[in-house]
Amino acid sequence: MSKSATRPRVTFLEVIAELAITAGVLVLLYVAWLLWFNDAISAGAQREAAVQVTTVWDEEPPAPAPAEPGEIPILDDPDYDTTFAVLKVPRWGTDYKVPIIASNTTDTLKRGIAHYDKTQMPGEVGNFAIAGHRTTYGSPFAGIAELRLGDALVVETKLGWYIYRWRNTEYVWPTGTGVLAPVPQNGTKNPRGDRVITLTSCHPRFSAAERIIGYGVFDRFQPRSAGAPAELNGGTA
Amino acid sequence: MYRALWHVLPGPTWLKLIQVLILIVGALAALHFWGFPWVQEWLGLDEVQVEGAAAWGR
Numbered sequence: 420m421s422k423s424a425t426r427p428r429v430t431f432l433e434v435i436a437e438l439a440i441t442a443g444v445l446v447l448l449y450v451a452w453l454l455w456f457n458d459a460i461s462a463g464a465q466r467e468a469a470v471q472v473t474t475v476w477d478e479e480p481p482a483p484a485p486a487e488p489g490e491i492p493i494l495d496d497p498d499y500d501t502t503f504a505v506l507k508v509p510r511w512g513t514d515y516k517v518p519i520i521a522s523n524t525t526d527t528l529k530r531g532i533a534h535y536d537k538t539q540m541p542g543e544v545g546n547f548a549i550a551g552h553r554t555t556y557g558s559p560f561a562g563i564a565e566l567r568l569g570d571a572l573v574v575e576t577k578l579g580w581y582i583y584r585w586r587n588t589e590y591v592w593p594t595g596t597g598v599l600a601p602v603p604q605n606g607t608k609n610p611r612g613d614r615v616i617t618l619t620s621c622h623p624r625f626s627a628a629e630r631i632i633g634y635g636v637f638d639r640f641q642p643r644s645a646g647a648p649a650e651l652n653g654g655t656a
Numbered sequence: 614m615y616r617a618l619w620h621v622l623p624g625p626t627w628l629k630l631i632q633v634l635i636l637i638v639g640a641l642a643a644l645h646f647w648g649f650p651w652v653q654e655w656l657g658l659d660e661v662q663v664e665g666a667a668a669w670g671r
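First to last, the protein sequences are chains A and B.
Residue numbers for the first sequence follow the working numbering, so the first one is 420 and each next one is one higher.
Residue numbers for the second sequence follow the working numbering, so the first one is 614 and each next one is one higher.
It is worth saying that the hints were derived from the structure and are not from the lab.
Please note that a few of the clues may not be correct.
Stated by the list, open to error - Derived coverage of chain A by chain B (criterion: at least 3 residues anywhere in the stretch with Cβ under 8 Å from a Cβ of chain B; other residues may be distant): (1) 434-440; (2) 452-462; (3) 520-528; (4) 554-560; (5) 594-601.
Said to hold, decoys possible - One side only, chain B facing chain A, incomplete, derived with CB under 8 Å: (6) M614; (7) A617; (8) H645; (9) F649; (10) V652; (11) Q653; (12) E654; (13) G657; (14) D659; (15) V661; (16) Q662; (17) V663; (18) E664.
All C-beta atoms in this analysis are idealised placements derived from N, C-alpha and C, irrespective of residue type, glycine included.
Based on the provided sequences and hints, a complete structural model is requested.
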């Protein structure tokens, strides 16, 4: 082919230089992808998934209110990998809603918040423990360190709204599974019948060195037939 | 390297430009769907679970 005669000579230096530039661009692209692009895409997808599932719950006939006032209905064990709840935290924005999924894998955490399936269900005596990303893949727990005493952590299910109140933060090693105990850090004996929620995420940000833990205590249950709780409408009751 | 690639692409300049754009978009898509998630998992920047969750049964 006559064309190959006019093909420019590729020099060794040129290849090295272009590879170095390409590597630099790739690193910058990765950082931008990690911090903004993929984070925003994941957050949008998670919000959409949460809206979808709550819309289905809204359209279903509401579960009958509990026979006894003050009785707290507990969800049956959800099917593996289904979205059985949605977390809403007014402190993190009125628009904050993220699906809570009944599986706990790396892939689950890309799609929302993962429930530790050996721990209890929302409102149940014991510990409702969930894990979420703090810095990537939508960062559902980005604001975990900004929660204040008494902040509402609302867990919405098809039965209604379980309202927890944020209590405190703790920092543990990655092996600190005591935070998942029915009484966190205090084993399975639960004579007072405490109901708590436990949030786990990474600490420091962008690191796997430690874990940040957020605790909330159960406040009350509001059945779906009673409508959304005031906390979600800007109130503080 | 890139100079040679430009040379290899067929057609007039405008066609080459379109081909380069397609190649760039393809590379970005591959990075988004496979490359970066793989790097992310390999780096393990954001581990959020406490391990050994099976320790606490119901």
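May I ask you to test the interface hint for H645 of chain B with respect to chain A, counting a Cβ-Cβ separation under 8 Å as satisfied?
holds (7 Å)
Interface restraint verdict for Q653 of chain B against chain A (beta-carbon cut-off 8 Å):
holds (7 Å)
Close enough to count: is the Cβ of M614 of chain B nearer than 8 Å to one in chain A?
The hint holds - M614 of chain B has a Cβ within 8 Å of chain A, the shortest such distance being about 5 Å.
Does the nearest C-beta of chain A fall within a distance shorter than 8 Å of the C-beta of G657 of chain B?
Where the cut-off is 8 Å and the nearest Cβ of chain A is about 5 Å from G657 of chain B, the hint holds.
Under 8 Å, Cβ to Cβ, is where V652 of chain B needs to be relative to chain A, so tell me if that hint holds or is violated.
holds (6 Å)
Examine the segment 554-560 of chain A: at least three residues should have C-beta closer than 8 Å to a C-beta of chain B.
holds (count 4)
According to a criterion of three or more residues whose C-beta lies within less than 8 Å of a C-beta of chain B, is the segment 452-462 of chain A covered?
As far as the segment 452-462 of chain A goes, the hint holds, because 4 residues have Cβ atoms under 8 Å from chain B.
Given hint E654 of chain B near chain A, where the shortest CB pair must fall under 8 Å:
Since chain A brings a Cβ to about 7 Å from E654 of chain B, closer than 8 Å, the hint holds.
Just to be careful: measuring from the Cβ of V663 of chain B to every Cβ in chain A, is the smallest value less than 8 Å?
With a closest approach of 5 Å, the V663 of chain B hint holds.
Would the stated hint for E664 of chain B survive a check requiring a Cβ distance to chain A of less than 8 Å?
holds (6 Å)
Tell me if chain B covers the segment 434-440 of chain A under the three-residue, 8 Å CB rule, please?
holds (count 3)
Restraint check, 8 Å cut-off on beta carbons, for A617 of chain B near chain A
Check passed: Cβ of A617 of chain B comes within 5 Å of chain A, closer than 8 Å.
The structure shown violates none of the earlier numbered hints.
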